[in-house]
Structures are given as structure tokens and as C-alpha cells.
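Q: Next come the chains, spelled out residue by residue.
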Amino acid sequence: MSDTAFAYEVRSLIHSYNGGIALDIPSLDIQSGAVCALTGPNGCGKTTLLSILALLLKPVSGSVRLQGIESAGSHDYHLRRKATLVHQKPVLFSATVRNNIEYGLKAVGIPAKEIRNRVDRILGKANLGEIAEKQARKLSGGEAQRVVLARGLVLETPIVLLDEPTNSLDAASRPLFYNLLREATARGTTIITATHDTGILAALNPRILRMDKGKIVHAPGSTGVPPNAA
Amino acid sequence: MSDLRQAFAEALRLIFSADSDFTAIVFASLQFSISSTILAAALGIPAGIALANARFPFKRFVEDVLNTLLAVPTVVVGLFVYTLIFSQGPLGRLHLLFTPTGVVLGQTLLIAPLVASLSCSAIAAVDPVVRQTALTLGAARFRAARTVAAEARAALLIVCLTAFGRVVGEIGISLLLGGNILGYTRTITTAISLQTSRGEFALGLALGLVLLFIAFGINLGMRLLRTKS
Numbered sequence: 001m002s003d004t005a006f007a008y009e010v011r012s013l014i015h016s017y018n019g020g021i022a023l024d025i026p027s028l029d030i031q032s033g034a035v036c037a038l039t040g041p042n043g044c045g046k047t048t049l050l051s052i053l054a055l056l057l058k059p060v061s062g063s064v065r066l067q068g069i070e071s072a073g074s075h076d077y078h079l080r081r082k083a084t085l086v087h088q089k090p091v092l093f094s095a096t097v098r099n100n101i102e103y104g105l106k107a108v109g110i111p112a113k114e115i116r117n118r119v120d121r122i123l124g125k126a127n128l129g130e131i132a133e134k135q136a137r138k139l140s141g142g143e144a145q146r147v148v149l150a151r152g153l154v155l156e157t158p159i160v161l162l163d164e165p166t167n168s169l170d171a172a173s174r175p176l177f178y179n180l181l182r183e184a185t186a187r188g189t190t191i192i193t194a195t196h197d198t199g200i201l202a203a204l205n206p207r208i209l210r211m212d213k214g215k216i217v218h219a220p221g222s223t224g225v226p227p228n229a230a
Numbered sequence: 001m002s003d004l005r006q007a008f009a010e011a012l013r014l015i016f017s018a019d020s021d022f023t024a025i026v027f028a029s030l031q032f033s034i035s036s037t038i039l040a041a042a043l044g045i046p047a048g049i050a051l052a053n054a055r056f057p058f059k060r061f062v063e064d065v066l067n068t069l070l071a072v073p074t075v076v077v078g079l080f081v082y083t084l085i086f087s088q089g090p091l092g093r094l095h096l097l098f099t100p101t102g103v104v105l106g107q108t109l110l111i112a113p114l115v116a117s118l119s120c121s122a123i124a125a126v127d128p129v130v131r132q133t134a135l136t137l138g139a140a141r142f143r144a145a146r147t148v149a150a151e152a153r154a155a156l157l158i159v160c161l162t163a164f165g166r167v168v169g170e171i172g173i174s175l176l177l178g179g180n181i182l183g184y185t186r187t188i189t190t191a192i193s194l195q196t197s198r199g200e201f202a203l204g205l206a207l208g209l210v211l212l213f214i215a216f217g218i219n220l221g222m223r224l225l226r227t228k229s
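First to last, the sequence lines map onto chains A and B.
When you line the first sequence up against our numbering, it's residues 1 to 230, in that order.
When you line the second sequence up against our numbering, it's residues 1 to 229, in that order.
Note that these hints are calculated values from the structure, not bench results.
As the structure is a prediction and not an experimental result, all values here were calculated from the model.
Heads up, some of the hints might be wrong.
[As the list claims (entries may be wrong)] Using 30 Å as the maximum straight-line C-alpha spacing, the simulated DSSO-like pairs for lysine-lysine come out as follows:
1) A:Lys113 to A:Lys58
2) B:Lys59 to A:Lys215
3) A:Lys89 to A:Lys215
4) A:Lys138 to B:Lys59
5) A:Lys89 to B:Lys228
6) A:Lys58 to A:Lys138
7) A:Lys138 to A:Lys113
8) A:Lys113 to A:Lys82
9) A:Lys106 to A:Lys134
10) A:Lys125 to B:Lys59
11) A:Lys213 to A:Lys113
12) A:Lys58 to B:Lys59
13) A:Lys125 to A:Lys58
14) A:Lys89 to A:Lys106
15) A:Lys106 to A:Lys82
16) A:Lys134 to B:Lys228
17) A:Lys215 to A:Lys58
18) A:Lys89 to A:Lys58
[Stated by the list, open to error] The following label-pair restraints were derived from C-beta to C-beta distances:
19) B:Asp127 to A:Glu114: 27 to 35 Å
20) B:Thr227 to A:Asn42: 34 to 42 Å
21) A:Arg116 to B:Pro128: 26 to 34 Å
22) A:Ala112 to B:Leu79: 52 to 60 Å
23) B:Leu209 to A:Asp120: 44 to 52 Å
24) A:Ser16 to B:Gly169: 44 to 52 Å
25) A:Gly109 to B:Lys59: 26 to 34 Å
26) A:Asn42 to B:Phe58: 35 to 43 Å
27) B:Ala215 to A:Gln135: 28 to 36 Å
28) A:Lys213 to B:Pro128: 22 to 30 Å
Backbone N, C-alpha and C fix where the C-beta goes; we use that ideal spot for every residue, glycine too.
All chains, full assembly: derive it from the sequences and hints.
A: Structure follows, in C-alpha cells:
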């Protein structure tokens, strides 16, 4: 999907909250098309790192290059459109499921016909067809989680960032979601997920980046690029 | 006691017979209040949204100034606008004094800070993940702000109702800038004041009942909106 070697090149990244260091990453490279899993205890900095990689949070210091382009900060929405973050908390807009899934496609200016096709496709794959016209705020936790995942994946951005994506998913819905992620990796999408779900690890065989107290304490040299990637 | 009973009976007669003076006064009041609420919403809601989303060094100070303006008495706002629009004032050439436009201008200035301040709070109360979600889905900052505002729409409607409630019951601006001219700038509150000073309570009571009815409607509307949101 991308012709640059690295989805991310992170250097001397420091972030702090109220004076306490939340993130301290001297160097991190993630290859384009790689699948990485951020693991570690709660509060170790996974969500902060994902927010910085999504260009939603400006680090205190350090640099983040996204597909070879240095981020100028959180105002850089053109660069931000290369990555989509699916938050841990499934927040849906007060609209129908279909409107929620269409939101990003409209925001980036995809033609109406293409929007309809893509939305119908993802509604079918995520088993959301029957609730497409339902008000999103009235969904159960599991349904809402499926919608936010579909809403993130429908954009087909080169990079997808997921924060504990399967937390609210019931066991029956998880394989469906793993398939969606496999399809994305087959397209060459770079996926970085914070997760405790062993199912994702088994399904995607990602490069594991173990974090503790804001540092990456274990990052094996594997590229994380799955063998079936395009 | 019997005088009061008579006044109430006369007040009810004025209401149900749709007395021409009575309807003219109620109509003028509603016209001014609705106009100023719409104008204040057009100015104050975007300002509140911008303030909620902005990050700048003196943001707290600006919020404090806005909150201070909420406490300014209506006569002070009226006096301020009077100095602008009276014949020798900087806007004197526009002949706005003792006109409906003058009253609406003053009322708008009274409630615009209220609308801005409450809108800012309403937007700030929206889960920050909503804005982050909009941004990460590709929205530019303006679209993201619009999305957040849409999530706060019930709260923003409550802001407008609150502003309307404040303005429909004010007297200082209407009296100073309107001049209490019957059929032109006489509002419910200025009419009540005049009738009471004359010792004629019936019309004042009838108008007071209308104000109570409006206040009840506003409260009912706000409760419904809160329940819906």
C-alpha cells in the first residue's frame, strides 16, 4: 500500500503528564505493512503512544516521522489522515450506524457512490447490516465496539491503530474481527494494536512490543510483516 | 382583598378576550426577546465553541471576563448602549434610541456573553474522545468542532432557552432604550412597571401571568431537552 519502508520512525520521544514521565522511547521503527502488538500492564503508556502515533497528541519532545514525513504537530490533518486510531472506549456519534461509518469517508471527500459501496461492504463483513439504520447510541456495548471498528477500518488508511479493540467484543464476534484485520494486513495495512487479547496475537502473529513504565522493554528484531502481506 | 380579586378577574378577562393593548405588549416582548436570542445565539454559540476548542495563554482570563459580564445589571448594559445610540453618541446618526432595533441591540449585548459562556461549558462537557474520534477519522478542525457541537445540541438549545428566559424578564434595557412606547416598544416588564406606578393592577397582573406561563414553558422545555440528551 505504501512505497516508504517505514510506517513510523520515532526518535527521542518523551511525553509527561503533570511532571511524571509517561513515555520515554529513544528509538522505534515500524515497517510499512507490519503488524505490532503493544503489551504491558495498565498505565504503562500504550494509549499515550497510540495517541502520539495517531498525531492526536503532541509529545513533549522528540520526533515522529509518519511514512517518511516529519509530523508538524496535531494541526497536520493531511498527514493524520494516513492513520486511524480506534479508541478503547467505543464513542459513537448521535446518528445511525450507517452515518457513523460514513463519517470519515465523507470527511476525506470520497465520492458518494464509493461511500455507499464501501459502507455496504463493511456492514456485511462486520455483521452490522441488520442494525445499519439503528441509532448508534442505542446499541449494546458489543455492537458499539463492532461499529467503531468498522468505522475505523472502512477508511482503508495505510495505518490502523487499535487500542484494546476486542475488550467489549463477545467471543462470537471476535473471529469476525480477526478476519477483518487479516484482510487489512493482506492489503499491506500497518496495524499497531494495544492488546491483552491472546486471540489477536494468535490470529495475526504480530511483532510484540512489551512496554513498562513508559518504556519499550522488549522489542524483538522481527519486522512484524506477516508472510501473506502484499 | 376584594380589590385583588377584582384585579385578578379583570386580568383573566384581558387574557381571554385578547385585549388589543395586552396582545400588542406580549407580541412586542416576544418579538424583541426571540430576535435578541437568535442574534445572541448566532454570535455567542460560535464564540463559545471557539473558546472551548482554543488553547491560548489568557483563556482563563477571557472565561473570567465572560462570567463577570453575566452579573452585569441590565440597566448598566442599557446605559452603556444608551451612550452609544443617543443623538450625540457615536451611533446617534442611526436613530436607534426608542426603537425596537435599539431594544434588540441592547438585549443581544446582555445575553451574548451568557450564551458564549454557557456554550463553552456545554462544549467542554462533551467527551473529549468525540473530538479525537472525528479528527482521527479524517475531519479537519472545523468539521471536528461541528461534530462536537452536534453532540452538544440539546445542551446548546438549553443555553438558548436560558438566554430567552433572562431577556424576556429584563426591564432595564427595555425601559432605557425602548422608552415604553405603547404599540411600539412597550414590553411586558415595562408595562407592569408603568401600570403598577399608576395603581392599575389588572393589566400588570395579566402580563405577570403571561411571564409566569413563559417561565413555566421554558422550564418544561429544558426538562424535556435534558431528558432527551
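Q: Next step is simple, just say for each hint if it's right about the structure.
A: The hints, checked one at a time:
1. A:Lys113 to A:Lys58: Outside the cut-off at roughly 36 Å; violated.
2. B:Lys59 to A:Lys215: Outside the cut-off at roughly 34 Å; violated.
3. A:Lys89 to A:Lys215: 24 Å, holds
4. A:Lys138 to B:Lys59: Status violated; Cα separation ~36 Å.
5. A:Lys89 to B:Lys228: 22 Å, holds
6. A:Lys58 to A:Lys138: Roughly 34 Å between the alpha carbons, so the hint for Lys58 (chain A) and Lys138 (chain A) is violated.
7. A:Lys138 to A:Lys113: Holds, at roughly 28 Å.
8. A:Lys113 to A:Lys82: 22 Å, holds
9. A:Lys106 to A:Lys134: 19 Å, holds
10. A:Lys125 to B:Lys59: 46 Å, violated
11. A:Lys213 to A:Lys113: Answer violated: Lys213 (chain A) to Lys113 (chain A) is near 47 Å, above 30 Å.
12. A:Lys58 to B:Lys59: Measuring from Cα to Cα gives roughly 20 Å; hence the hint holds.
13. A:Lys125 to A:Lys58: Measuring from Cα to Cα gives roughly 35 Å; hence the hint is violated.
14. A:Lys89 to A:Lys106: Holds. Lys89 (chain A) to Lys106 (chain A) sits at ~23 Å (cutoff 30 Å).
15. A:Lys106 to A:Lys82: 15 Å, holds
16. A:Lys134 to B:Lys228: Distance of about 17 Å is within 30 Å: holds.
17. A:Lys215 to A:Lys58: Holds - the C-alpha atoms of Lys58 (chain A) and Lys215 (chain A) are around 17 Å apart, at most 30 Å.
18. A:Lys89 to A:Lys58: Judged against 30 Å, a Cα distance of about 21 Å means the pair holds.
19. B:Asp127 to A:Glu114: 27 to 35 Å: Hint holds: Cβ distance 30 Å, inside 27 to 35 Å.
20. B:Thr227 to A:Asn42: 34 to 42 Å: Check passed, 36 Å falls within 34 to 42 Å.
21. A:Arg116 to B:Pro128: 26 to 34 Å: 31 Å, holds
22. A:Ala112 to B:Leu79: 52 to 60 Å: 55 Å, holds
23. B:Leu209 to A:Asp120: 44 to 52 Å: The hinted range 44 to 52 Å is violated for Leu209 (chain B) and Asp120 (chain A), with Cβ atoms some 57 Å apart.
24. A:Ser16 to B:Gly169: 44 to 52 Å: 50 Å, holds
25. A:Gly109 to B:Lys59: 26 to 34 Å: 32 Å, holds
26. A:Asn42 to B:Phe58: 35 to 43 Å: 37 Å, holds
27. B:Ala215 to A:Gln135: 28 to 36 Å: 32 Å, holds
28. A:Lys213 to B:Pro128: 22 to 30 Å: The hint (22 to 30 Å, Cβ to Cβ) holds, given that Lys213 (chain A) and Pro128 (chain B) are roughly 25 Å apart.
Consistency with the previously given hints fails for numbers 1, 2, 4, 6, 10, 11, 13, 23, ordered from lowest to highest.
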